[in-house]
Amino acid sequence: MKSQVLLLLTIALIACDASCKKDNYSPPDTYLKGRIVYEGEPINVAYNDVTFQLWQPGWGKLTPINVTVNQDGSYSALLFKGNYKLVFPDGAGPFIPTKDKDTGNDTIYINLQSNMQMDIDVLPYYMIRNARFSVNTTDSIVSASCSIEKIITDSILEKDIEYVSLYISKTNWVDGRTSINSVTLQKSEINDINNIELKVKIPSIIPTQHYVFARIGLKIKNVGKMIFSNVQEIDF
Amino acid sequence: MKIRYIHATLGLICILIYNTLASCTKDNLLNQNPTNILLNDQVWTDPNLAFSVLGDLYDRVPEYQELEQYWNFADFDEAFPSNYGDYWRVQHQDYDYNWWSYWDYGYVRDINLFIQKCRESNLPTADKSRFLAEAQFLRANVYFELVKRMGGVPLLLDTMEYNFSGDASYLQHPRAKESEVYDFIINELDSASQGLPNDPSIKSRATWGAALAMKCRAALFAGSIAKHGLTTPEVSLPGEVVGIPASMANRYYRIALTAAEELINSGEYSLYMKHPEDLSTNFADLFLDKNNNPEVIWVKDYKLRYRTTQFTVQNQPHSLTEEGAWSGFLNPSLNLVQSYEKLDNTFDTFATKDPNTGQYFLYDNINDIFKGRDARLAGTVILPGSQFKGRTVDIWAGYITPDGTIISGSSFGQQKVLPGETNPSQVVGFDGPIDGLEHGTQTGFYIRKYLDPTPSAGQIGTGSDVWWIRYRYGEVLLNAAEASYELGLLDSAAYFLNQIRTRAGFKIPLKASDITFDRIVHERKVELAFEGQELWDMKRWRLAHIVWNGENVPLTDKPWKADEPSTRIFGLWPYRIYDPGKPDDGKWIFKKVIPSVVNQAHRFRLGNYYSQIDPNVLANNPKLIQNPNQ
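Chains as they are written, first to last, in my numbering: chain D, 1 to 236; chain E, 1001 to 1630.
Don't read these hints as lab results, they were simulated from the structure. Some clues are possibly wrong.
Said to hold, decoys possible - Once the Cα atoms are required to be at most 27 Å apart in a straight line, the calculated DSSO-like pairs of lysine-lysine come out as:
(1) D:Lys221 <-> E:Lys1227
(2) E:Lys1342 <-> E:Lys1558
(3) D:Lys99 <-> E:Lys1623
(4) D:Lys219 <-> E:Lys1561
To be verified - The calculated label-pair distances, taken between Cβ atoms and stated as ranges, are:
(5) E:Phe1361 <-> D:Asp154: 56 to 62 Å
(6) E:Asp1167 <-> D:Phe80: 27 to 33 Å
(7) E:Glu1068 <-> D:Leu8: 44 to 50 Å
C-beta: ideal position from N, C-alpha, C; glycine also.
Hey, can you work out the whole structure from these sequences and the hints?
In structure tokens, the structure reads:
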């Protein structure tokens, strides 16, 4: 009796296994990786904030594959081999996509046949340059300085600065949503965009930790997504 | 032997088939009318049958937050969902872009079909013109729903038929301008109102009053998108498919004000004032009283034994529940509760601690802290120490000793032995609040608005037949006040606001100089809480991405400000002082808390202002464009 049950189970298992193999095609196995860059420098953004779309034509109804860009401007997508079109929707990030010189089109065509590393060039409204962070261990105040470079100066496309903020967080996900303290300079309070200084106090952290992560964010007027400096770990 | 048997059987079957076929041709079997559905000719000769088709169209009116989808009230900052399966509502950060998406062109087609068939029919003239007007009203309503969720949508006013040519591209229509859809709604309602009865006793079908109220709201929405859209120019699409030019704002505001004034001056409706002796109960009864209610304009109605809601079953206080395991789903937030003004027209957060000494303030009675506030507070929310169905609710979080030790329980009404005693006594309320315990309050409050005190309304098998009010006179007054304010008519704005505020117990009228945008926003927030207006209001004012900005901000101390972030839900827990023999024993202190279940701050992104059009819809119709910032 027992052996019969065992036999039946084995047959069922083999049947399942066999049918699985026959019915399915292999999973996507090809990586498309890279960074969002301006002149080779990555664009730092907020987490879960900036996405772009990949469209793969030729498979019936078209639906986009949304790819989310990491904080440090890198991205990664595991895909099937094939041809893709890469598009940034309007307002996708603190930048505008670069247009092809010949066609004036901002769609990027990708022929993905093997793992591929591709940096995507975009045109940010501003870049945060020379971000420096330091901490005064006696009064636990984090000081940061940076300069802001206006990249898009075209009178139609240019956007104003809304504010600059310094955020500190317990983990290396750093922006307004995770910050434990922050300080904001409105546009009107900024005298010199080449020399911006921000100071913020580290509040008491429970449970105690002797490090925080900091970065500077820039809000551009009428652009939903912010641009950031790199994240800096600060020990105190 | 066997083969002959088979042959014989086959022969028999052949004869049978032949006979069947022969009988078909004789009795016309294939041309007989079906017995399980009604045909066009049958429906459109009988007013009662046509009315039942219309009934189906009424039933399909889209809703978001309502009595049958009470859980959606917990999506923002009005209430906390005390139900394990709904905790995700306070544990997510981003609203997906397809939230509030709506693209039901099947419904639009059915309304268009109804209008077409009704026009062609030979129904009695009186029935016909009323049915047509009602269908137009419903068509205006569905386009209003579409435009407030999706922006400009294709305006389809005729039924479309496929001609089987293999090319369906002639059925593809582009999105109309957002303003064109609003203009259509306004014109459609003008035309519908001519065929609708002007009878305020009709609540569940379209009336002249309902058409005016809807026109007023739609024009106000269009006006505010035109005006406040200026602050978010990135929320727009080329061709004004999304976004309305600012130059059109005043025109829409004027339409809204005119419609409101027409309704107000007609005298057909008035504010509910059957219990002037108790304004909180009066406000609560406004939503429950189905007998000659002068304020209610258009409702989704229910009837015992036929169709009822589970709103009362799910939301009744735990200690008074008629259904064992079910109670306490929606817990109004402290964010909302502290927004209700004091009766001297000033705002104040609840004083729990002395800011200088850090000591808790002591209150003799548990409800003292809520005294002297807007009567709508106790009419909307069941507060600690207040009554429901004639019984006092038991909301208190535990004992606190003078050294700050808290003695509390983990189940409703739990008993423990207090220090210095031998017998156990109750250490926490039978209604909570207990952190993380579902089906009881976790903020310290229960909802009163729409909660049905009728016996057995809290039983699953019976349910409540309280109606869901879609339009009421109070909102029309608020619309009139807002439109007046935006047109710079501050005297008129104060006049309309004061009517609402007098009903809420305010003795000092607001002056024209008191009227600000913050005032307008605030009055809607407290008057229309739990009426499904918050999301649409925040969207049209372009405040949603500011108020729900995803940051872990503390509870605001400026409840009068329209643009204060409010991303997480807070609560207010009463503790009883345990200090036997001392004068403070039995007094109350309050703690502002954040329920531990709330672990994320809501973020409304710019791409949420107009919900995502499903990619399948876009793939079917290349003339459509996706909404911005997604």
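Hints versus structure:
In summary, the hint linking lysine 221 (chain D) to lysine 1227 (chain E) is supported, as the alpha carbons are separated by about 18 Å, within the 27 Å threshold. For the proposed pair lysine 1342 (chain E) and lysine 1558 (chain E), the alpha carbon gap of about 14 Å is at most 27 Å, so the pair holds. A distance of roughly 23 Å separates the Cα atoms of lysine 99 (chain D) and lysine 1623 (chain E); the hinted pair therefore holds under the 27 Å criterion. For the suggested pair lysine 219 (chain D) and lysine 1561 (chain E), the alpha carbons sit about 23 Å apart, so the restraint of at most 27 Å is met.
Between phenylalanine 1361 (chain E) and aspartate 154 (chain D) the beta carbon distance is about 59 Å. The supplied range of 56 to 62 Å therefore holds. Roughly 31 Å separates the CB atoms of aspartate 1167 (chain E) and phenylalanine 80 (chain D), a value that falls within the hinted 27 to 33 Å. A hinted range of 44 to 50 Å for the beta carbons of glutamate 1068 (chain E) and leucine 8 (chain D) is consistent with their spacing of about 48 Å.
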